[in-house]
Structure formats: structure tokens, C-alpha cells
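**Student:** Input sequences plus hints: build the corresponding full structure.
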Amino acid sequence: MRAAPVRDRMNDYEADTAFLGDWGGFQRQLSLLLCITMIPNGYCGLAIVFLAGTPAHRCRVPVHGLNLTAAWRNVSIPLEEDDQPAKCSRYQLEALQAFSEEGVLPSEVNLSSVPQEGCLDGWEYDRSVYTSTIVSDWDLVCEDQWKKPLTSSLFFCGVLIGSFLSGQLSDRFGRKRVMFVTLASQTTFAFIQVFSPSWMVFCILFFLTGMSHISNYLSAFVLGTEILGPRLREFFSTAGSCLFFAVGYMMLPLHAYFMRDWRRLLLCLSAPGFLLLPLWWFIPESPRWLLSQGRITEAEDIVKNAAKMNKKDPPAKIFSPLKQEFKKPKAYNICDMLRSWNIRWISLLLWLVWNIVAISYLALSLNTSNLYGDAYLNCFLSATAEVPAYVISWLMFRCCSRRLTLSASLFAAGFFLLVIQLIPADLISLAIVLEMTGKFALTLAFALVYAYSAEVYPTVLRNTAMGACSMASRIGSIIAPYFIYLRSYSASLPYILMGGLTTMAALLSLLLPESYGMPLPETIANMHPFPGCCRKNVYKLTHTKEEENATEKKSQDVQAEQQEHLHEESLK
Numbered sequence: 001m002r003a004a005p006v007r008d009r010m011n012d013y014e015a016d017t018a019f020l021g022d023w024g025g026f027q028r029q030l031s032l033l034l035c036i037t038m039i040p041n042g043y044c045g046l047a048i049v050f051l052a053g054t055p056a057h058r059c060r061v062p063v064h065g066l067n068l069t070a071a072w073r074n075v076s077i078p079l080e081e082d083d084q085p086a087k088c089s090r091y092q093l094e095a096l097q098a099f100s101e102e103g104v105l106p107s108e109v110n111l112s113s114v115p116q117e118g119c120l121d122g123w124e125y126d127r128s129v130y131t132s133t134i135v136s137d138w139d140l141v142c143e144d145q146w147k148k149p150l151t152s153s154l155f156f157c158g159v160l161i162g163s164f165l166s167g168q169l170s171d172r173f174g175r176k177r178v179m180f181v182t183l184a185s186q187t188t189f190a191f192i193q194v195f196s197p198s199w200m201v202f203c204i205l206f207f208l209t210g211m212s213h214i215s216n217y218l219s220a221f222v223l224g225t226e227i228l229g230p231r232l233r234e235f236f237s238t239a240g241s242c243l244f245f246a247v248g249y250m251m252l253p254l255h256a257y258f259m260r261d262w263r264r265l266l267l268c269l270s271a272p273g274f275l276l277l278p279l280w281w282f283i284p285e286s287p288r289w290l291l292s293q294g295r296i297t298e299a300e301d302i303v304k305n306a307a308k309m310n311k312k313d314p315p316a317k318i319f320s321p322l323k324q325e326f327k328k329p330k331a332y333n334i335c336d337m338l339r340s341w342n343i344r345w346i347s348l349l350l351w352l353v354w355n356i357v358a359i360s361y362l363a364l365s366l367n368t369s370n371l372y373g374d375a376y377l378n379c380f381l382s383a384t385a386e387v388p389a390y391v392i393s394w395l396m397f398r399c400c401s402r403r404l405t406l407s408a409s410l411f412a413a414g415f416f417l418l419v420i421q422l423i424p425a426d427l428i429s430l431a432i433v434l435e436m437t438g439k440f441a442l443t444l445a446f447a448l449v450y451a452y453s454a455e456v457y458p459t460v461l462r463n464t465a466m467g468a469c470s471m472a473s474r475i476g477s478i479i480a481p482y483f484i485y486l487r488s489y490s491a492s493l494p495y496i497l498m499g500g501l502t503t504m505a506a507l508l509s510l511l512l513p514e515s516y517g518m519p520l521p522e523t524i525a526n527m528h529p530f531p532g533c534c535r536k537n538v539y540k541l542t543h544t545k546e547e548e549n550a551t552e553k554k555s556q557d558v559q560a561e562q563q564e565h566l567h568e569e570s571l572k
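Under our numbering, the sequence shown has 320 at position 320, and the numbering climbs by one with no breaks.
Please keep in mind that the hints were generated in silico from the structure rather than gathered at the bench.
Incorrect hints may have been included.
As the list claims (entries may be wrong) - Below, simulated PhoX-like cross-link-like pairs (lysine-lysine); rule was C-alpha separation at most 20 Å, straight line:
| # | residue 1 | residue 2 |
| --- | --- | --- |
| 1 | Lys176 | Lys304 |
| 2 | Lys317 | Lys304 |
| 3 | Lys87 | Lys147 |
Unchecked claim - Across the chosen pairs, the derived CB separations fall in these ranges:
| # | residue 1 | residue 2 | range |
| --- | --- | --- | --- |
| 4 | Ser429 | Ser107 | 36 to 42 Å |
| 5 | Pro78 | Gly500 | 46 to 52 Å |
| 6 | Val104 | Ile428 | 39 to 45 Å |
Note that the Cβ used here is the ideal one computed from N, Cα and C, for glycine as well.
**Tutor:** Okay, here's the thing in C-alpha cells:
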């Protein structure tokens, strides 16, 4: 049987399923289960903060085979300008041994004239904060310190590839199937990562984990956005899914505090993912996606099951598509996001905004271990700051303009990040408060741009578009670890760059079209117009009576032609 086409009007699906209500048993169960699947994304993506924590370290001075007195052993490490022991150099042991054997005391020698050497015998690490990390296990310090930010960047390279592939696969094979396949692969790769014998193997598995990490989150996000009704969709896409992400984020420092060995921590974080796989039998496929593929019977079965759970009586025929076309629905891909002026400008601008928000959000998240005070407490405070941001984003999404709220949150984030550099060095607590406030504003912006993007793109392209936006933002995620690396040159440089970029994104977001109060578009022609684009090529949100009559007449004519053709075939 040939597939039937998707109908033209945006609000047909919502009108046909309005009998389900907004908050029945089906919607409650679905939104809760989808949110639960997002908890692992909260801690897996930022676990590198503790997996790659850098403990205090200094060059190792061999205990055996070296004839040094206690006095010379105590001064074997030179002091830096802040009177802290050097991390990557020591005094040449042969020179120290010669002084020791001659009976010369350190106070009698000008130590600045003693030659220095690198850490030829490895490093000694402080074990008070971390029992072990990938940094201490594989000596990712000094000349190899570049490997630490590269490790995070490789994870987000995987996220970049996963964002591209998952959108294509999800629009082709379905939201549910891709979501659970990638959830299983994320858990499996993270579990195998526990047994990594080397940094190289760890990075390869981390890359694969990143590919799966974003894929299951995006698929679950789009699945909930498409199934839930307008009112619950706003809560799910802003506060609901994000709050559960924040719960996972808050669980990270709690687990890390009690599991200070990186292998045990990773094992503890990966195991719960296996418990989520049985949810396959409780989460349905998106009826919108099924309709876009012409699989009307399957879509109706899901809606009828939802009606049963909500104790509603469904109509005999829920979806009644036009019959005049029998061609197979077009398969859309990422290239369709650039074909027309309208969707092209929307896409390019959203990609830029996503990119900048990702840079600042992730850089601040990764920077928690560098802040003054306890690393676990700082990470927990950073995660806690996200909770009110998600709640406020939901409230703002219910009654406020999308682009104005997005722009305002970005302006606020840029302001706080730029002000941090003006705080005196002795007011550390105030600087931390400002950084957490900036993180709050960035979290708000991230929640808003996620939900806005899901609203502005059409059903036939929504998952691909969300994947493309996420893919564009991952370029920023890949760069973000190196923003933190700039601290070694200037402590204020990362904040200046992040604040400037965020302020620029706030201005650009004002150019986006408004989607508040609009139904979800089903096709590219249904998309909201970008300011300045030629209006004649943009879909009109309402149909005139003449257009509806013309469509109905065309449908009747085609049906008459088909019946005549069938009659002729029967005579033959």
C-alpha cells in the first residue's frame, strides 16, 4: 500500500488529538519517563570535571639510590613567584648530591644558580582531593597538559558527529528507535571506558560516548515536543526535561565526593543507564513522525491507546488525510535547511547563537574545579543555579515573547561575565557569586533556545534541525575547554571573551522570528517568516475561504478521476 501524504495545515494534528486533553494519565507517564531518560545526560557530559581533575603535583625525587640529606631533599624543588613549589621542574639531582656529599648546607648556596631539570622520574600527586584521575594515572601535566583540554574536546567532537547523524537517522527511522539505541550505546561505551588501559583508548571510547550522549537526549526531547499538547509541551521543553538534566548534574558532585577514584566514579555513573532500557515498552513512537511517513494506522493506534489511558472516547477515524496524492513522502536532510531564504537565515542565525551559548555555558561548567574553595561544593552550586533558571524559563515561555526573553537572558549573562574582571582579587566570594549568576543566565538562555528551536522548525525536519543546531553548538563545545586553558595567560581573558560573545548573541537573537502563540509548523512552507525575507515565498498562517474551497474542489476532482480510472480497469 502506498503511503498517504502529510496534510497541509499546521494545526490539524493538535485539533485531531484535542479530545485527549492536556494533562491525562498518558501525558503524565510519557513526560515523566522521557525526563527520567535525560538524567544520565546531566552527569555523563560533565563528568570530565572530576575524571580529569588536576591534583597538586611536583617532581618526584627518588627515595632510593640517591644520597641526599634531609635538608637538601627538602629544597630539591624550586619555588615559583607565589612561593609555591614548582610543578614541572626540580634542581638537578647530580648537583644537589655533590653539595650533600661535600657537607654543604642549602643556606650556604645560592640556589638560583643551581641548574634545573624536568621531572625525569615522574611526579608526586596530592591525594587529599582526588585518589586518582586520568591526569594522575597518565601524567597529563607539564609538557603533556595539552592532553587534558583535548580529552574534553574529543568528547564534544563525538557530540558534534552524533548531533549530525542522530537527526538524520531519527527523521528517517523514528525518534523512539534512535533514542533507545543511542541510550544503550552510551551506557555500554561508558562502562567499557572504566577499563581503559591508556589515555588513547580512553579518548576513543569518550568520543563514542559523546556521539551517543547527545543523540538520545535530542531524540527524547523532540519525541516529547511532538507528542505532548501545547500547554504541557511548554513545560516539558523548558522546565521539565531541563530540571531532570539538572538533577543528573547535581548528582555528579555527590557521586564524585564519595567515589574519588575515577574508575569507580565512572562505573557508578554508567551503571544506571542499563536500568532505563526496559522503558522501550512504555514510551511510544511520535504520531507526528508516523503521519509524516504516511503510517496513519500506527499513529491512530498510539492515539487510541493514549485515549484509553486518559479514559477518553476516541472518534472512529482520528486522522483523515487528503487522498489526492499517492507519492511517497519526501525524505528531508540537513541540506533542506539551506534551500530557501527563510529557513536559511533562521538556521544560520540559530547556529551562531547556539554556538556562543555553548561556549560560555560549558566553559563556566568546566571552570568549577578552578574556582577558590571546595571543587565538589562549587560544582554542586553550579548545578543548583540551573534549577531556578529552568523554572523561570518555563514561566517566561508561557507568557512572554520568545526572542525578547532569549535576548534579555543573553544580555544579562554577558553583563555578569564582563563585570567579574572588575572585582578586586581579595573579594573572591563576590566573584564566585557573579560567576554563578552568569551561569544562571546562560542556563536560562540555553533552555529558551532549545525550546524555541523546536517550535520554529517543521515536523518533517524538526529532529534533523535540532541535530544541526546542536551540531553547530558543539563547535563551541570543542573550543570551550581551551577558553579555560587561557587562564594560564590571563585570569580575566576567558571572561572578557565569553562576555563579549554573549552580548553579541543577545543582539543577533533580536532578528529571529517570533513563535509565541503560533502552532507548530508541519512543513518548511509553514515556517514563521524571518524579518527581511521576501514575504511572497513564506507560508501564510491562515487559509482564506477561497483557498480551502479550491483545495476541496481539487480533491473531489482527483477522486472522481481515480474512480473513473478504476472503473475502466475493471472493465478491461
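**Student:** Which numbered conditions among the earlier hints are violated in the structure presented, ordered from lowest to highest?
**Tutor:** As far as the earlier hints go, only 5 is violated by this structure.
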